[in-house]
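Asker: Could you put together the complete structure from these sequences and hints?
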Amino acid sequence: AQKITQTQPGMFVQEKEAVTLDCTYDTSDPSYGLFWYKQPSSGEMIFLIYQGSYDQQNATEGRYSLNFQKARKSANLVISASQLGDSAMYFCAMRGSLSGGYNKLIFGAGTRLAVHP
Amino acid sequence: DGGITQSPKYLFRKEGQNVTLSCEQNLNHDAMYWYRQDPGQGLRLIYYSQIVNDFQKGDIAEGYSVSREKKESFPLTVTSAQKNPTAFYLCASSIAGGLDTQYFGPGTRLTVL
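Chains as they are written, first to last, in our numbering: chain X, 814 to 930; chain R, 12 to 124.
There could be a bad hint or two in this list.
Listed next, the in silico DSBU-like pairs over lysine-lysine satisfying Cα-Cα at most 30 Å (straight line) [stated by the list, open to error]:
#1 LYS25(R) <-> LYS68(R)
#2 LYS886(X) <-> LYS68(R)
#3 LYS829(X) <-> LYS883(X)
#4 LYS20(R) <-> LYS68(R)
#5 LYS20(R) <-> LYS81(R)
#6 LYS68(R) <-> LYS816(X)
#7 LYS816(X) <-> LYS94(R)
#8 LYS886(X) <-> LYS816(X)
#9 LYS68(R) <-> LYS82(R)
These aren't lab readings, by the way, just hints derived from the structure by calculation.
Answerer: Here you go:
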C-alpha cells in the first residue's frame, strides 16, 4: 500500500532561518511523484514543488527545495530564509495509481509551521 | 485570470438534506477531482473525472454523487446518506489524469446542523 508519513505535527522557526519539514513515503511502484503543498489558514492548497522518482537532481523552486533521498524513501521540504507568510500547514503528497493509469494524490497528515519574528 | 473557483465558501445544512457544492475551472484541464479534509488530517479522494460524461469513485465515495456534463464544471452533491458530512471540501484539476500536477480551488466548508 502507498503511504505518506509526516512525523512532525508542529514546527517553529525564527524568521530568516531555514527549516526542514520531514516526509517519508512507502510505495512499491518504480515510478512515482512527490509533491509538497502549502495550506494557509484560508484553506486553499497551494502547490509548492514536485520531485519525480527518476529525477537525478533535487527539485528547487525559489526558497523551496526538496531533499530527495530515494534509498531512505524520504522527501523532506527545506524552506530557506523563512518569512512570516510561510506560517501555514504543509502537506507532503505522493502520486498514487488509479485504474486506467490515472493518478490521485495520497496525503500525509501535515505539519503546522509557525514562523516567529 | 485562470483558476478554479468553488462556491459557496461556507455552507450550512440541516440533517437529511442534500446539498450541492460547485466547482468550476477555466484552465482547460481535462481531469477534475473532489477531496475531503477533516480536522488535523490530510485529504482523501471522493470522486474523479478524466473526461466529460465520465467519472469514477475514489476512496470515500459513499454518500456522495457527481456529474461532469461540461469540461469546466464538476459539481459534488453531498446526500443525506453521507453519515458524517461536516468537513472541508476541495476541488482540484489537472491537465490530464496521468503525471500532471493537481491544482486546487479555495474550498467549501460544509457544516451540518
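Asker: Hint by hint, note whether the structure agrees.
Answerer: Hints, verified against the model:
1. LYS25(R) <-> LYS68(R): 25 Å, holds
2. LYS886(X) <-> LYS68(R): This hinted pair holds, its Cα atoms lying about 29 Å apart.
3. LYS829(X) <-> LYS883(X): At roughly 29 Å apart (the allowed maximum being 30 Å), LYS883(X) and LYS829(X) satisfy the hint.
4. LYS20(R) <-> LYS68(R): 24 Å, holds
5. LYS20(R) <-> LYS81(R): 22 Å, holds
6. LYS68(R) <-> LYS816(X): Holds - the C-alpha atoms of LYS816(X) and LYS68(R) are around 20 Å apart, at most 30 Å.
7. LYS816(X) <-> LYS94(R): 26 Å, holds
8. LYS886(X) <-> LYS816(X): 11 Å, holds
9. LYS68(R) <-> LYS82(R): 18 Å, holds
When the structure is compared with the earlier hints, no violation turns up for any of them.
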